[in-house]
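Trainee: Listed below are the residues making up each chain.
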Amino acid sequence: SQQGEEDPQALSIQEGENATMNCSYKTSINNLQWYRQNSGRGLVHLILIRSNEREKHSGRLRVTLDTSKKSSSLLITASRAADTASYFCATDNNNDMRFGAGTRLTVKP
Amino acid sequence: DTAVSQTPKYLVTQMGNDKSIKCEQNLGHDTMYWYKQDSKKFLKIMFSYNNKELIINETVPNRFSPKSPDKAHLNLHINSLELGDSAVYFCASSSRTTTGTGELFFGEGSRLTVL
Chain A
276 SQQGEEDPQA LSIQEGENAT MNCSYKTSIN NLQWYRQNSG RGLVHLILIR SNEREKHSGR
336 LRVTLDTSKK SSSLLITASR AADTASYFCA TDNNNDMRFG AGTRLTVKP
Chain B
92 DTAVSQTPKY LVTQMGNDKS IKCEQNLGHD TMYWYKQDSK KFLKIMFSYN NKELIINETV
152 PNRFSPKSPD KAHLNLHINS LELGDSAVYF CASSSRTTTG TGELFFGEGS RLTVL
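Chains A and B, in that order, give the protein sequences. Plus 275 on top of the position in the first sequence (first one is 1) and you've got this note's numbering. Plus 91 on top of the position in the second sequence (first one is 1) and you've got this note's numbering.
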């Protein structure tokens with residue numbers, strides 16, 4: 276069964292704007308990870324946040340984690356057309372890695 | 092060198108046939124996975140192996156049988172293919188860390204079409 280649910284399902288923005296995607300999950304976790312998938316390709320890891328962390332940054336990416344609400348968010352700042360892809364959250368529960376349904380992000384030039 | 096490679100990339104076959112998808116990783120990881128991605132892009136875990144031992148076996152038909160001859164390989168055999176098996180199948184690998192599963196490295200996917 277799916278573990279996480281992302282919202283929105285689809286997001287369309289202009290280049291330069293920020294994009295925020297949310298993920299909710301159901302069970303306890305060791306960590307939460309975000310992945311990117313370009314059309315027709317495999318998933319690529321973006322960032323990992325541990326269950327005892329609340330915020331993490333990597334370049335233009337900012338991830339937050341609220342374990343009390345069982346939710347996470349991914350913020351992409353100053354978006355570029357090349358950021359167009361699907362973004363998935365994944366939760367780790369003792370080596371059981373489950374993915375959400377994904378957010379399809381379109382960044383218009 | 093490709094970190095996680097799976098073959099074939101495309102597979103078109105008739106209902107009722109048996110087919111296999113192979114996966115190899117050269118990252119030295121101890122855990123490998125098979126995921127199924129349907130047309131709506133849902134990514135569902137099917138199996139997970141750690142050091143050649145099955146640790147996750149989701150509710151998938153027993154027509155699907157994974158085989159891990161060694162830590163670097165995890166193959167997927169599907170018997171009596173059905174139309175609903177059409178999907179993209181992804182292999183992935185990872186290492187365990189002290190704080191849980193590390194990042195997953197994915198193959199490029201194998202697109203299975205059952206006619």
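FYI, nobody ran anything at the bench for these hints, they're computed from the structure. Incorrect hints may have been included.
Said to hold, decoys possible - Quick partial rundown of chain B residues pointing at chain A, CB under 7 Å, derived from the structure:
| # | residue |
| --- | --- |
| 1 | 129 |
| 2 | 133 |
| 3 | 134 |
| 4 | 137 |
| 5 | 143 |
| 6 | 147 |
| 7 | 178 |
| 8 | 190 |
| 9 | 192 |
| 10 | 197 |
| 11 | 198 |
| 12 | 199 |
| 13 | 200 |
What the hints assert, rightly or not - In silico negatives: residues of chain A with every beta carbon more than 10 Å from chain B:
| # | residue |
| --- | --- |
| 14 | 305 |
| 15 | 308 |
| 16 | 326 |
| 17 | 353 |
| 18 | 356 |
Remember, it's a predicted structure, so these values are computed and weren't measured experimentally. We put the CB at the ideal spot given by N, CA and C, even for glycine.
Trainee: Compare the structure with each hint and give your call.
Mentor: Hints, verified against the model:
Hint status for residue 129 of chain B: violated, given a least beta-carbon distance of 10 Å to chain A, over 7 Å. Given hint, residue 133 of chain B at the interface with chain A, holds; its Cβ is 6 Å from that chain's nearest Cβ, closer than 7 Å. The closest approach between the C-beta of residue 134 of chain B and any C-beta of chain A is roughly 4 Å, which is under the 7 Å cut-off, so the hint is satisfied. Taking 7 Å as the C-beta contact cut-off toward chain A, the hint placing residue 137 of chain B at the interface is violated, the least distance being around 12 Å.
Checking residue 143 of chain B against chain A by beta carbon gives a least distance of about 14 Å; that is not within 7 Å, so the hint is violated. Residue-level restraint check for residue 147 of chain B holds (minimum Cβ-Cβ distance to chain A is 6 Å; threshold 7 Å). Interface restraint check for residue 178 of chain B: the shortest CB-CB distance to chain A comes to about 14 Å, outside 7 Å, so the restraint is violated. A hinted interface residue such as residue 190 of chain B counts as satisfied when its beta carbon comes closer than 7 Å to some beta carbon of chain A; here the least separation is about 5 Å, so the hint holds.
Interface hint status for residue 192 of chain B: upheld, as the beta-carbon distance to the closest one in chain A is roughly 4 Å, under 7 Å. The criterion of a C-beta within 7 Å of any C-beta in chain A is met by residue 197 of chain B, whose closest approach is roughly 4 Å, and the hint holds. For residue 198 of chain B, the interface hint holds, the least distance from its beta-carbon to any beta-carbon of chain A being 6 Å, beneath 7 Å. Hint status for residue 199 of chain B: holds, given a least beta-carbon distance of 5 Å to chain A, under 7 Å.
Checking residue 200 of chain B against chain A by beta carbon gives a least distance of about 6 Å; that is within 7 Å, so the hint holds. Residue-level check failed: residue 305 of chain A sits 3 Å from the nearest beta carbon of chain B, not beyond 10 Å. For residue 308 of chain A, the condition that its CB be more than 10 Å from all CB atoms of chain B is violated, with the nearest at approximately 6 Å. A beta-carbon of chain B comes within 10 Å of the beta-carbon of residue 326 of chain A; the shortest separation is about 8 Å.
Separation of residue 353 of chain A from chain B is adequate, the least Cβ-Cβ distance of about 24 Å exceeding the 10 Å criterion. At roughly 21 Å, the least C-beta separation between residue 356 of chain A and chain B is larger than 10 Å, which holds for a residue marked as non-interface.
Of the numbered hints stated above, those contradicted by the structure are hints 1, 4, 5, 7, 14, 15 and 16, listed in ascending order.
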